[in-house]
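Trainee: Chain residues, written in single-letter form:
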Amino acid sequence: MCTPGVEADEHGTDRTTASRERQSREVEQFVYTVSHDLKSPLVTITGFLGLLEQSLASGDRAGAERAVERIRRSAVRMSEMIDGLLRLSCVGQVARETTTVQVGDELRELLCLYEQRLADAGAVVDVAEPLPAVLANRTLLVEAFDNLLSNALKHGATADGLRIRIDHRLTDHELEYRVRDNGPGIPEALHARVFRTFERLDPDSEGSGLGLAIVDRVLSAHDGRVRVESSPGQGATFILAFPRSAVAPSRHLVAQDVDLVAQDARVPDAGTGNAGAGGR
Amino acid sequence: MHTLRVLLIEDDPDHAELIEHALGRQPLIASIRHLADGTEGVRYLKGEGPYRERELPDVVLLDWKLPGKDGLQVLREIKADDRLAGIPVVVLTTSGSDADVRQAYKSHVNSYLVKPVDYAQFKAMIEEMSHYWGELNRRPGLGAAETT
Numbered sequence: 001m002c003t004p005g006v007e008a009d010e011h012g013t014d015r016t017t018a019s020r021e022r023q024s025r026e027v028e029q030f031v032y033t034v035s036h037d038l039k040s041p042l043v044t045i046t047g048f049l050g051l052l053e054q055s056l057a058s059g060d061r062a063g064a065e066r067a068v069e070r071i072r073r074s075a076v077r078m079s080e081m082i083d084g085l086l087r088l089s090c091v092g093q094v095a096r097e098t099t100t101v102q103v104g105d106e107l108r109e110l111l112c113l114y115e116q117r118l119a120d121a122g123a124v125v126d127v128a129e130p131l132p133a134v135l136a137n138r139t140l141l142v143e144a145f146d147n148l149l150s151n152a153l154k155h156g157a158t159a160d161g162l163r164i165r166i167d168h169r170l171t172d173h174e175l176e177y178r179v180r181d182n183g184p185g186i187p188e189a190l191h192a193r194v195f196r197t198f199e200r201l202d203p204d205s206e207g208s209g210l211g212l213a214i215v216d217r218v219l220s221a222h223d224g225r226v227r228v229e230s231s232p233g234q235g236a237t238f239i240l241a242f243p244r245s246a247v248a249p250s251r252h253l254v255a256q257d258v259d260l261v262a263q264d265a266r267v268p269d270a271g272t273g274n275a276g277a278g279g280r
Numbered sequence: 001m002h003t004l005r006v007l008l009i010e011d012d013p014d015h016a017e018l019i020e021h022a023l024g025r026q027p028l029i030a031s032i033r034h035l036a037d038g039t040e041g042v043r044y045l046k047g048e049g050p051y052r053e054r055e056l057p058d059v060v061l062l063d064w065k066l067p068g069k070d071g072l073q074v075l076r077e078i079k080a081d082d083r084l085a086g087i088p089v090v091v092l093t094t095s096g097s098d099a100d101v102r103q104a105y106k107s108h109v110n111s112y113l114v115k116p117v118d119y120a121q122f123k124a125m126i127e128e129m130s131h132y133w134g135e136l137n138r139r140p141g142l143g144a145a146e147t148t
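Just so you know, the protein sequences line up as chains A and B, in that order. FYI, in the working numbering the residues of the first sequence are 1 to 280. FYI, in the working numbering the residues of the second sequence are 1 to 148.
Just so you know, the hints here were simulated from the structure itself, not pulled from any lab data. Hints may be right or wrong, so weigh each one.
[Said to hold, decoys possible] Covered stretches of chain B, going by a simulated chain A footprint (3 or more residues, C-beta under 8 Å): (1) 4-16; (2) 39-51; (3) 94-106.
Yeah, the Cβ is synthetic: ideal placement off N, Cα and C, and Gly gets one too.
From just these sequences and the hints, can you work out the full model?
Mentor: Structure (structure tokens):
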């Protein structure tokens, strides 16, 4: 059983000050989530129970059925939120099981699962291979990419169709995987909010409101960070940044090539990307 | 008797319905206008875009966690606008977080109410709130005279 925000190594000692601060923020966020977000469906449930009682007392069968439906829907939503929170709370612990992840291979597999959804959306994904491998938890990293793809499909589409480009960049301190879409973009004032738990900036969009929060948690559990670069009308680039020390030997790149690729790793326009893996 | 025009900014359709249901039973309530996100709420109050002919409300019921502009941003924009600053803003949210309450009061909120889970209390709170702002409280001379 994972305990939210509490993460210690096998000797029972906290890892670093940064890690403790992160845990503290996570606990704070968790408490806020429980007190606000989980209470929200509860208010709906009890509110419509009150209306149900009124409907039953007055013999309003249609009103009663409507209230029951709202109650059922909110109970399901609450259950999904609890599942999501449990999932989120496990990230820190699962992340300790790391291995060399061949990101290019994982993305190819993941994109196969997305083939139908991408085709339905008329979306094209261009993966700028080869991508460096990284020392990370494979399941969590795939989940992070999964959530970013899903997010791009939900929010990134424009009248010109959706183009997603995945590439990388190596800086002096970090290895970045970059997922760029050509969608409507996100105003700077909202950049931090997109990663918050149960935050849905578009009220009409479907989803749990946890996808990007999980991405954020996955990266911080790897001592990395996620950020977004975007402005309205200019698409959005989500950047998964790992510490440079997490670069792992790649099946496709010999060690000295990593730096050569780094020098070549520019970030071309998503709009100019060719049909890649997702177009299959 | 019908004196209170309410602008409700609330993204949760179920909560909006519960609030409207409770408010709608109050004889004091003249009208309820509901908008589901903060950005639209501000546009409405400022009379922008499709809201040029809008009637300013006597009280704003404001959820705290909203898509677009969140409750804090909406509150700040209302209180920073001379035409709007006199309209009482009542935050109505599920968050009882002390940080949120402090931030709201720092930004000149007029009242901060936490939605009770118990429906009888919820209804009673809405009734008392409308009684207070509709009858007991003396409001500045905003409203019908100013619609621009």
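Trainee: Of the numbered hints stated earlier in the document, which are not met by this structure?
Mentor: Violated: hint 2 alone.
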